[in-house]
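Chemist: Each chain is listed here by its residues.
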Amino acid sequence: MEKTVAVVGTGQTNHGKRFDVSWPELVHEAVERALDETNLTMQDVDAIVCGSMPGMLEGTSDPHFWLTDGIGAYGKPVMRIATCGSTGMSVALTAFYHVASGLFDTVLAVGTEKQYEGSSQGVISQMGDPHLIRPFFPGAVAGFATQCVNYVSKYGLKMENVAEAAAMISVKCHSDALDNPYAHIKAKLTVDDVLKSRVICYPMRLWDCSPTSDGACAVVFASTKVAKEIAEEPAWVKGVGYAGDEQFYGDKDMVDWTACKTAVKRAYDMAGVMNPLKDLDVAELYNPFTYQELLWYELFGFCEKGRGIDVARNGVTTRRGDLPCDPSGGNLCTHPIGATGLIRVAEAANQVMGRAGNHQIPDAETALAHAMGGLMQFNGVMILGR
Amino acid sequence: MTVNEVAVVGFAQTKHRARIRNQSSSDLVYQVTREALDSCSLTAKDIGTLIESSSDYWEGTCCSDVVTMEAAGGYLKEESKVEDDGALAFIYGYLRIRSGLFDTALIVSQTHCSQSPPLPTLSNLSCDPFYQRPIGLEEQAAAALQMTAYMKKYGATEEDVAQVAVKNLGNAVNNPYAHRKVKTDIDRVIKSKVTAYPLRELTSSPTSDGACAVILASGKKAKQITDTPVWIKGIGHSVDDYFLGDRNLMENIGLRSAAKQAYKRASIDNPLKQLDVAEICEPYAHQELLWTEHLGLCGKGQGAKLLREGVTTMNGSLPVNPSGGVLSTNPYVARGLIRIAEASAQLMGKAGKRQVGDAETGLCHSVSGLGGQLHCVVVLGK
Amino acid sequence: MKSMANPESVLKKTIELPYTWAMGEPTAKFLEGLRNKKIFGTKCLKCKRVLVPARKFCPRCFVNTKEWIQVSDQGTLRTYTIVYYSYPGQVKPPPYAIGVVDLEGADTGFSHYVGGVDLSDPAKAAGKIRVGSKYRAVWSRKREGNIFDIEYFTLL
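Chains as they are written, first to last, in my numbering: chain A, 1 to 386; chain B, 1 to 382; chain C, 1 to 156.
Keep in mind that a hint or two might mislead.
Stated by the list, open to error - With the Cβ distance kept under 7 Å, some of the chain A side facing chain C (calculated, not the full set):
| no. | residue |
| --- | --- |
| 1 | Phe19 |
| 2 | Tyr116 |
| 3 | Glu164 |
| 4 | Ile200 |
Claimed, not checked - Partial list, derived from the structure: chain C residues whose beta carbon lies under 10 Å from chain A:
| no. | residue |
| --- | --- |
| 5 | Lys13 |
| 6 | Gly33 |
| 7 | Asn36 |
| 8 | Asn64 |
| 9 | Gly116 |
| 10 | Ala123 |
| 11 | Ile147 |
| 12 | Thr154 |
| 13 | Leu156 |
It should be emphasised that the hints constitute simulated quantities derived from the structure, not laboratory data.
Ideal Cβ placement from N, Cα and C applies to all residues, glycine included.
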């Protein structure tokens, strides 16, 4: 699409265990950094979109009321968005539509979660139909573990090969996170370290799983009118797509996943991406679990179905490869859920704007951001470029 | 980018009740979605984007749209959810169509209050855990603080406030969808049970079970769909400070700012004259008086006078809440969207016994948060 | 003034909230079926799929389902996992296995526990649960019209 909406600046908290600040203070840290980077004040912001997962994660309902002061929203339009794991992406999309509507020139998107303050799996397990689904949904790990087992069997793969490829992704992400000052978990690991870590939920091992984090992310979206005044090289929104499907796992193909393919196709078509491996320079994929990154390689068209392992092995998606994936370390290393999708957008935008610091991919011109959520339902994609 | 005109082309609501048995939240969503589609002869396929509005705490569900999305025909659609008032979801749907990327949008909102912990429990949990929560502030208590201050500052009486309830609960008698409806009088209202002093049972809203759906379309599409499109003339929304003590409860910056934005976009400079009907969100009776002031329908402290003079009654020049308002019907998160459906019904001439004569321009208002922290204003026109 | 406050001060509290969820008629009827050892689906006349568990409308076609159809209590295991972690409010203590079974006569999969296997050692347990093999429902002796009227699915 033509240049109508751009990301012009971002701010992230130092993600991790943040008992040193209250929730509004945490959010404020991200907003301040975004304002600093853009040289804007709240006076310049026309509207705010904020989001977090269910308030039960922090034991507070409708937390945007409490967070208002931390965001700096006084006297301004505010809208709270929540779409489960894809919340951060939905916040970005909402900010995008605010600007695209022509009613707002500068919109601040804020995503946050403070997961050390509550019981993440205790809350997330309260998802879906309470009579038929919840007894068999002990949280996100188990849900996506069934997806992994299904992946292995659908394509006739060997579990040990998939586990090894997944371990390589874990090694890649945790090492890349060392160059990301905001990342939560950073480590030099070996494939063996990952394969020998304890099983959390078969077949997922400790190092296959993301942490729960405290964190916030703020992203400033701007119209054509003001974008160039705020940033020399804005990251223009080239394409967007979002789709969800049914709540029952049994209703759908969890591997050749229609909702994901639909969202990807919408974004690719809008951005004119024909050959993703060639047309994209970097991708921030939503990878709370290592195995899923293999699946994304396939569903995003980086390789054929069932061949994700090859991509992990041949290094295409490492920082020196043709299409680096999650050079920030991804959500495998940093996962304040309501912020995670927005962090993907911020990281992708930073790559395009040349502001990714030590994990900058040289000459990145087109970047993809992705988030996912629900009972294997929602997928959102945003493509940013020069 | 082309900026489209956007119109309401269809809507539906449930018959709201204290308790709707045997229907799940999804069932309510499915019902209003089907009926809204039928109301303008569309199918789920014709809908470009879906914006839901519901609350995880009210639903008792982590991520409520996970369950209800398919009931709103959302399979593989560009969906999103506003975790707050339905009027905000409506505004979001409007923005999406204005972007030129969609021609139609479905907005759905529901709350099944009877299934959930009571409102004071949930609204207390919306407070910070350190200051306002431990001392038991919740929506009703906060509104009561506000009413006390209002009466003190402007010399309004309990009778003035009771008059709002008499008007709205009486109007509700004409509304087949309304939950609480009764022809009553000031005496009965001020003798009703005190809930949080000085608020009483009849000056506080009940909580209801119900849902509402509204369908939006871009200008060209709207004219193909219906002969009676209701155009969105202006929108505004804004938020006040968090701490009650930080705010001037008599001068709500959220509403002042929301109204200013909406009026500017709709070219309204004399709302009392230019508006023909208003659906104002008044979970507590005194708030209708206060909000009419902040909406610029009268001067500061003049809300009671406006009502006494009959301006806001069914036969007045600007009837407020011909539906009976939130005092009669309060499926919590859906109440803002119901204001929009009701005002649309008025402008389409489909409001039945509660129809006001020749309504050309209507105002919809909604509010959420303690003491009215976040407000939305939508101006609709023929 | 030097602050005496702990820089990482916290407040701890447990919140418990009561909910009462309406099932809607199809779910109530489906669970009543389980009491009688019967598993029902509903058929969408548009896409012709039999949806299990039974439901009011087809999520893809967005039309009401029409026919109630009893499906088999046996089917093929599509996928599974074994849970080894614990959290507050968990349905039962770990480890336990959850699977999706494609019941004969249904066009969708059904989620429930997979049982009859010693789960204490992940490596050994994984080999004993077989994707693609036939599984059957083990019915509870005491059935009360809820999802636990099926105790678990076991290898046929």
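Chemist: Does each hint fit the structure? Answer for all of them.
Modeler: So, going through the hints one by one against the coordinates:
no., hint, verdict
1, Phe19, "4 Å, holds"
2, Tyr116, "9 Å, violated"
3, Glu164, "15 Å, violated"
4, Ile200, "5 Å, holds"
5, Lys13, "7 Å, holds"
6, Gly33, "12 Å, violated"
7, Asn36, "17 Å, violated"
8, Asn64, "16 Å, violated"
9, Gly116, "16 Å, violated"
10, Ala123, "8 Å, holds"
11, Ile147, "6 Å, holds"
12, Thr154, "16 Å, violated"
13, Leu156, "18 Å, violated"
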